[in-house]
Amino acid sequence: MDTNQYLEVFIDESKEHLQSCNENLLALEQNPHDLAIVNEIFRNAHTLKGMSATMGFEDLADLTHKMENVLDGIRNEKITVTPEILDVVFESVDHLEAMIDDISGGGDGKRDVTSTVQKLKMIENGEEIVQASDAKEEVQESGASSNDALQFDEFELTVLQQSREQGFHTYEITVMLRADCLLKAARVYMVFDILEKLGDVVKSSPSVDKLEEEQFDQEFHVAFITKEPINDLQSKLMKVSEVERITITPIDESKANEEAAATTVEETAEVVSKDEKTTKETPVQKAANSVPNNKVTEKKSAQGSKTIRVNIERLDILMNLFEELVIDRGRLQSIAGELNHGELNETVERMARISGDLQNIILTMRMVPVETVFNRFPKMVRQLARDLHKKVNLEIIGAETELDRTVIDEIGDPLVHLIRNALDHGVEDPEVRKKAGKIEQGNIVLRAYHSGNHVFIELEDDGAGINRERVLEKAIAKGIVTAEAAESMSDQQVNELILSSGFSTASVISDISGRGVGLDVVKSTIESLGGNITIESVEGKGSLFSIQLPLTLSIISVMLVEIEKEIYAIPLSSIIETSIIRNSDIMNAHNQKVIDFRGKVVPLLFLDEFFEVPRPEPKHDEFHSVVLVRKGEKMAGLVVDSFIGQQEIVLKSLGNYLTNVFAISGATILGNGQVALIVDCNSLIK
Amino acid sequence: MEKAVDLDSVKVIVFQLGEKEYAIPVNQVQGIEKAMHITRVPKTPSYVKGVINLRGVVTPIIDLRDRFNVKSTVENDDTRIIIISLDDMEVGFIVDAANDVMDIPTSSIEPQPEVVGSFEEEFISGVAKTDKRLLILLNLEKVLHTLK
Numbered sequence: 001m002d003t004n005q006y007l008e009v010f011i012d013e014s015k016e017h018l019q020s021c022n023e024n025l026l027a028l029e030q031n032p033h034d035l036a037i038v039n040e041i042f043r044n045a046h047t048l049k050g051m052s053a054t055m056g057f058e059d060l061a062d063l064t065h066k067m068e069n070v071l072d073g074i075r076n077e078k079i080t081v082t083p084e085i086l087d088v089v090f091e092s093v094d095h096l097e098a099m100i101d102d103i104s105g106g107g108d109g110k111r112d113v114t115s116t117v118q119k120l121k122m123i124e125n126g127e128e129i130v131q132a133s134d135a136k137e138e139v140q141e142s143g144a145s146s147n148d149a150l151q152f153d154e155f156e157l158t159v160l161q162q163s164r165e166q167g168f169h170t171y172e173i174t175v176m177l178r179a180d181c182l183l184k185a186a187r188v189y190m191v192f193d194i195l196e197k198l199g200d201v202v203k204s205s206p207s208v209d210k211l212e213e214e215q216f217d218q219e220f221h222v223a224f225i226t227k228e229p230i231n232d233l234q235s236k237l238m239k240v241s242e243v244e245r246i247t248i249t250p251i252d253e254s255k256a257n258e259e260a261a262a263t264t265v266e267e268t269a270e271v272v273s274k275d276e277k278t279t280k281e282t283p284v285q286k287a288a289n290s291v292p293n294n295k296v297t298e299k300k301s302a303q304g305s306k307t308i309r310v311n312i313e314r315l316d317i318l319m320n321l322f323e324e325l326v327i328d329r330g331r332l333q334s335i336a337g338e339l340n341h342g343e344l345n346e347t348v349e350r351m352a353r354i355s356g357d358l359q360n361i362i363l364t365m366r367m368v369p370v371e372t373v374f375n376r377f378p379k380m381v382r383q384l385a386r387d388l389h390k391k392v393n394l395e396i397i398g399a400e401t402e403l404d405r406t407v408i409d410e411i412g413d414p415l416v417h418l419i420r421n422a423l424d425h426g427v428e429d430p431e432v433r434k435k436a437g438k439i440e441q442g443n444i445v446l447r448a449y450h451s452g453n454h455v456f457i458e459l460e461d462d463g464a465g466i467n468r469e470r471v472l473e474k475a476i477a478k479g480i481v482t483a484e485a486a487e488s489m490s491d492q493q494v495n496e497l498i499l500s501s502g503f504s505t506a507s508v509i510s511d512i513s514g515r516g517v518g519l520d521v522v523k524s525t526i527e528s529l530g531g532n533i534t535i536e537s538v539e540g541k542g543s544l545f546s547i548q549l550p551l552t553l554s555i556i557s558v559m560l561v562e563i564e565k566e567i568y569a570i571p572l573s574s575i576i577e578t579s580i581i582r583n584s585d586i587m588n589a590h591n592q593k594v595i596d597f598r599g600k601v602v603p604l605l606f607l608d609e610f611f612e613v614p615r616p617e618p619k620h621d622e623f624h625s626v627v628l629v630r631k632g633e634k635m636a637g638l639v640v641d642s643f644i645g646q647q648e649i650v651l652k653s654l655g656n657y658l659t660n661v662f663a664i665s666g667a668t669i670l671g672n673g674q675v676a677l678i679v680d681c682n683s684l685i686k
Numbered sequence: 001m002e003k004a005v006d007l008d009s010v011k012v013i014v015f016q017l018g019e020k021e022y023a024i025p026v027n028q029v030q031g032i033e034k035a036m037h038i039t040r041v042p043k044t045p046s047y048v049k050g051v052i053n054l055r056g057v058v059t060p061i062i063d064l065r066d067r068f069n070v071k072s073t074v075e076n077d078d079t080r081i082i083i084i085s086l087d088d089m090e091v092g093f094i095v096d097a098a099n100d101v102m103d104i105p106t107s108s109i110e111p112q113p114e115v116v117g118s119f120e121e122e123f124i125s126g127v128a129k130t131d132k133r134l135l136i137l138l139n140l141e142k143v144l145h146t147l148k
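Protein sequence lines, in the order shown, are assigned to chains D and C. Here the first sequence is numbered in our numbering, starting from 1 and rising by one per residue. Here the second sequence is numbered in our numbering, starting from 1 and rising by one per residue.
Excised from the complex, chain D in its bound form:
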C-alpha cells in the first residue's frame, strides 16, 4: 500500500498523541492513582502503535508496544507509579518524539533505544505478580471467546450502575455482519463511530484490538451507555452497510451482577495474590469519579471534529491570491472613480467591503494558539527541576491566546531560554528558599494575553530576583557599562543589562544556562520579530520577563518614503518620529554627519547615497526629511526625499535567490502592483 499520502496526517496525529501522552503523564505524576489518566495514556499509545505499524515504522511501533506493556501494568495495578518509572516512560516518549521528527524530516524513524527498552522491560518484569496476572488475562480472554455474551468485571459494573443512576440506558448491542462482508474492520469502525457519537462504549467482546484486527467471525457484542431509545439506536446502526442484523437488549443488572460475581470468584481462584483484595476498593471508587470526566473529554472530541487540517502552504497561496485581488481592487476603485458611474461605484464599494472582511478571515485563519509552543514546557520544567534538584511548579495561563503562525514558529527558542534562566538563576534551591521563609516549591507562571494590536507573553517567577549590585559589578567588569554610567542607571536599565551579550552572572557554568549567550539571543530574536522585552524584578521576591509581540508578521505597518523615483517602506515599529531639518542643523563629527535631536547626538544616514539611488541631477535642498529610527537604545536618522504616508502592507520575502541583501528585510506589493523594498533598520544601526 502506498502510504505516502497519509504520512502528513500520520505525523500530525502522532504528534498530537505524544503531546497528549506528555500532558497525561504529568497529570499522572500528580495523581498516581487515577486510573482514568492511565487509560487515556494507554489509548494514545495504543493508537500510535497501530498507526505506526500500519505506516511501516517498525521501531516506532516496537517502542510504543514496550511502553504500552508498562502502562498496561500500571493500569492493572501490577506496577505502582513512581517518579523513576515515569522518568523511563518520559524517556520513551522523548525517543518517540525524536523518531517522529526524524520521519517528518524524511528519515525512516530508526533510533537506538536499547537502554530505554531495557529499562521498560525491567519495570515490566520488576514484579512477580506480572506472570500470574498474565495467566489471568489469558483465562479471561479464552473465556470471552468461548462464550460470546458480554461479561463484566466489577469496574465495568460500577460504571453501568452509575450511568443508570444518572438516567442513562445501558444496552447490550449485538451486531451481526453479513457473511460476504469484505471490510469487517471498516464496518466495526463505522459502528463504533456512530456509537461514540450517541454515548459511551463500556466494553466490547471480542476486545477492540481484536475487532480492529478482524479477529472475529461475523458477530460482536458491545456494552453501551446512552440516552437514546432503542429504536433510534437500531435504525442508526442499520444504516451501516453490510450489517445483517442488530440486536439491542437492555443489560440485566441482576444477571450481570451474577456474572460479575462469577468472574470475581474466577479471578480470585486463578490469581494467587496477596494484596489484590485491598487494592480492589480503589479502582471502583476511581471508576465512579471517572464517569463524569469521560463525559467531558467526549464532548471535547466532538467539538474537535468540526475542524479540518489545512496545509499552511495552501493558506499562503490563499493569501497570495487574495493580495492580487486587493491590488486589482485598487485599480478597479480608481477606474470607477474616473468613470463616476453610480452603479459601478456602488458595486465597487461593496466589493471593497467584502474583501476587507475576507482579509480578516484569512488572517485569523493563520492564527495558532500559543499552546502549540507552551505545551512542551511542563515536561521540560519537570526534567530541569529534577536535574537541578529544585522543586518547581509551572503554571500556564492563556495558552489559548492566538498568534500568527510565523511568530509561533520563532518564539519557541527564546521562551526555552527564558524558562531555563528562571529555573537556573531565578528559583533558589529548596534549602535557600526555606531559609528565606518561602515555601520549598518555587512557582513559575507563564502567561499569554492579547492587548491591543499586540500579544504579551510573560514569565514570572517567585525566585531570588535580580541583584542590582552584582549585575552592575559584573557589567562593569565585563566592560559593558562604565562605573560612572552605572551610578545613574535606573533599576529597569540595570535589569536589562542581563540581556546584553557576554553577560552571565552564574558563578558556576551549568548545562542549563550560564554560557552567557542565552539571553542576548532572546533579546535579538524578539526584536527581529518586531517585539521587545522588559524585565521587572524585586530582589528576593522574583522577576517578571515581559515580551511584547506583534499579532502578525505577515502584515505590518510601515511608513512609505520616496527617494527619487523609488519607494521604500520603513517598519513603524522602528520609527520614533519623523522630522524636517534644515541644512544648517547638520553637524560634522569624524566624517559622520550628525544632528542634535532633543539633546542627543544622532548620526544621519542619507538613504539615497547608501542605496545608490540613481539621480539624474544632484539634489540641493535647504530642508531634509528625516525618519528617526531606533534599535534598542541607539538611534539614527534616515534622510529621504519625501514621506508618502503610513500604510498596512503584506510582507513578502525576496525569494530563495536573493538571500541576505544588506539592509533589506523583504518586499511588499503596493496598490499600483509595483514592488517596494522594506528597509531593515536593525542592520543599519550598529
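Among the hints, erroneous ones may be present.
16 angstroms max Cα-Cα, derived EDC-like pairs, lysine to aspartate or glutamate [what the hints assert, rightly or not]: (1) D:600 to D:633; (2) D:631 to D:577; (3) D:565 to D:608; (4) D:652 to C:90; (5) D:634 to D:680; (6) D:119 to D:68; (7) D:686 to D:633; (8) D:631 to D:496; (9) C:43 to D:313; (10) C:43 to D:680; (11) C:49 to D:612; (12) C:142 to C:90; (13) C:43 to D:612; (14) C:34 to C:88; (15) D:652 to D:404; (16) D:593 to D:609; (17) C:43 to D:324; (18) D:652 to D:200.
Source of the hints: derived by calculation from the structure; they are not laboratory data.
Starting from the structure of chain D, add chain C where the hints point.
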C-alpha cells in the same frame, strides 16, 4: 542537462540575446512575461536588475545581456522576461526576444565547442545546429549558482 542526453529530442524555448540565439529546456521554464516595472534592489551585483511582482510573488530579475557581456539593446516591444524555476528558486531572465519553442534532436547537440570561446562559455552545456541556426544551450545551474 543529463536529461537531455537520455531523450531522443528535447523541447526548448529559444530566445535571443543580441545576435545570438539561446535555448533553455522547456521544463525549466515557468512562463514568459512581457517587460514590466522592475524595482531596483540596492547592494546587489549589476546583472541583478531588481524584483518584479509576478502575480503576487516577488521574483528577482537577472539581465542575461549584462551577465554574458552581450551588447545591451534598448528595451522594446520584443523584450521579454522568461521565468525559470530551479531548485525552489524562481528567477526571471530579461532577454531581447523569446522566439519560439522547438524540438532539438539530441543527436544534434554538441558539447562545448571551441568556436564560442567567449565570456559565457562556462554557462554553456552544449550547442545545437538545426536548419542553419545555431542554438546555445544554457546550463541554468551554473548561470544561477555562480552568481551567489
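Hints violated by the structure (listed by number, smallest first): As far as the earlier hints go, 9, 14, 17 and 18 are violated by this structure, in ascending order.
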